[in-house]
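Using the sequences plus the hints, can you model the full thing?
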Amino acid sequence: EPEVTQTPSHQVTQMGQEVILRCVPISNHLYFYWYRQILGQKVEFLVSFYNNEISEKSEIFDDQFSVERPDGSNFTLKIRSTKLEDSAMYFCASSELTWDVGELFFGEGSRLTVL
Amino acid sequence: GENVEQHPSTLSVQEGDSAVIKCTYSDSASNYFPWYKQELGKRPQLIIDIRSNVGEKKDQRIAVTLNKTAKHFSLHITETQPEDSAVYFCAASSGNTGKLIFGQGTTLQVKP
Numbered sequence: 226e227p228e229v230t231q232t233p234s235h236q237v238t239q240m241g242q243e244v245i246l247r248c249v250p251i252s253n254h255l256y257f258y259w260y261r262q263i264l265g266q267k268v269e270f271l272v273s274f275y276n277n278e279i280s281e282k283s284e285i286f287d288d289q290f291s292v293e294r295p296d297g298s299n300f301t302l303k304i305r306s307t308k309l310e311d312s313a314m315y316f317c318a319s320s321e322l323t324w325d326v327g328e329l330f331f332g333e334g335s336r337l338t339v340l
Numbered sequence: 560g561e562n563v564e565q566h567p568s569t570l571s572v573q574e575g576d577s578a579v580i581k582c583t584y585s586d587s588a589s590n591y592f593p594w595y596k597q598e599l600g601k602r603p604q605l606i607i608d609i610r611s612n613v614g615e616k617k618d619q620r621i622a623v624t625l626n627k628t629a630k631h632f633s634l635h636i637t638e639t640q641p642e643d644s645a646v647y648f649c650a651a652s653s654g655n656t657g658k659l660i661f662g663q664g665t666t667l668q669v670k671p
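Heads up: the protein sequence lines correspond to chains A and B, in order. If you count the first sequence from 1, position 42 lands on 267 in this note's numbering, and the numbers rise without skipping. If you count the second sequence from 1, position 43 lands on 602 in this note's numbering, and the numbers rise without skipping.
Just so you know, the hints here were simulated from the structure itself, not pulled from any lab data. Any given hint might turn out to be false.
Each computed DSS-like pair below joins lysine-lysine, with the alpha-carbon atoms no more than 25 Å apart [to be verified]: (1) A/K303 to B/K601; (2) B/K581 to A/K267; (3) B/K616 to B/K581; (4) B/K601 to A/K267; (5) B/K601 to B/K670; (6) A/K267 to A/K308; (7) B/K627 to A/K267; (8) B/K670 to B/K627; (9) B/K617 to B/K630; (10) A/K282 to A/K308; (11) B/K617 to A/K303; (12) A/K282 to A/K303; (13) B/K627 to B/K617; (14) A/K308 to B/K601; (15) B/K581 to B/K670; (16) B/K627 to B/K616; (17) B/K601 to B/K630; (18) B/K596 to B/K617; (19) B/K596 to B/K670; (20) B/K630 to A/K267; (21) B/K601 to B/K581.
Structure follows, in structure tokens:
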């Protein structure tokens with residue numbers, strides 16, 4: 226069964242450093258997403274991406290964050306100048322279509338710890 | 560903005576009993592309502608979903624009901640088993656970007 230893969234599974238970084246989280250969506254999917262989940266809290270939408278551009282972003286997704294699809298397979302989330310409150314599990318997801326909303330497939334997540 | 564409220568936050572049942580989790584949503588344009596199960600440290604996994612043109616959907620021991628007028632939907636798990644213990648999240652989606660707004664989650668504990 227195809228699945229979304231994410232790397233790294235866990236990253237520890239110092240406050241102020243930049244991190245890049247990587248995702249490989251399911252190959253025939255066209256819509257890509259990043260969500261985050263602070264420990265013990267709900268899953269929060271960050272950004273959706275389609276046709277090589279952001280289609281929607283939340284208030285959380287400020288200038289500190291950026292996304293990119295540098296090649297035909299990877300989808301990355303960059304967090305510049307990390308803050309303590311960026312510590313969370315970051316989930317990548319992909320779906321086949323949205324005009325008739327399709328199932329989102331989540332990756333296993335990347336746990337970010339900012340010290 | 561869009562909001563999804565979920566209740567209860569914790570639910571403890573005896574094995575074999577039924578469990579019901581309820582969610583309400585604010586955006587009347589929402590048209591897709593999935594339910595996810597998340598085990599500790601794992602990804603959310605879709606267990607059932609319902610679209611706005613359907614009032615009820617069932618898959619073995621799991622069912623979901625949707626009341627569009629009242630803007631609420633519920634997850635029903637019958638004959639609960641210890642392996643059903645997990646955090647359950649409801650979500651709602653509207654618009655054409657596929658964005659999901661999640662509820663706060665319900666920690667379900669099934670006691671053997």
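List of violated hint numbers, smallest to largest | 8, 11 and 17
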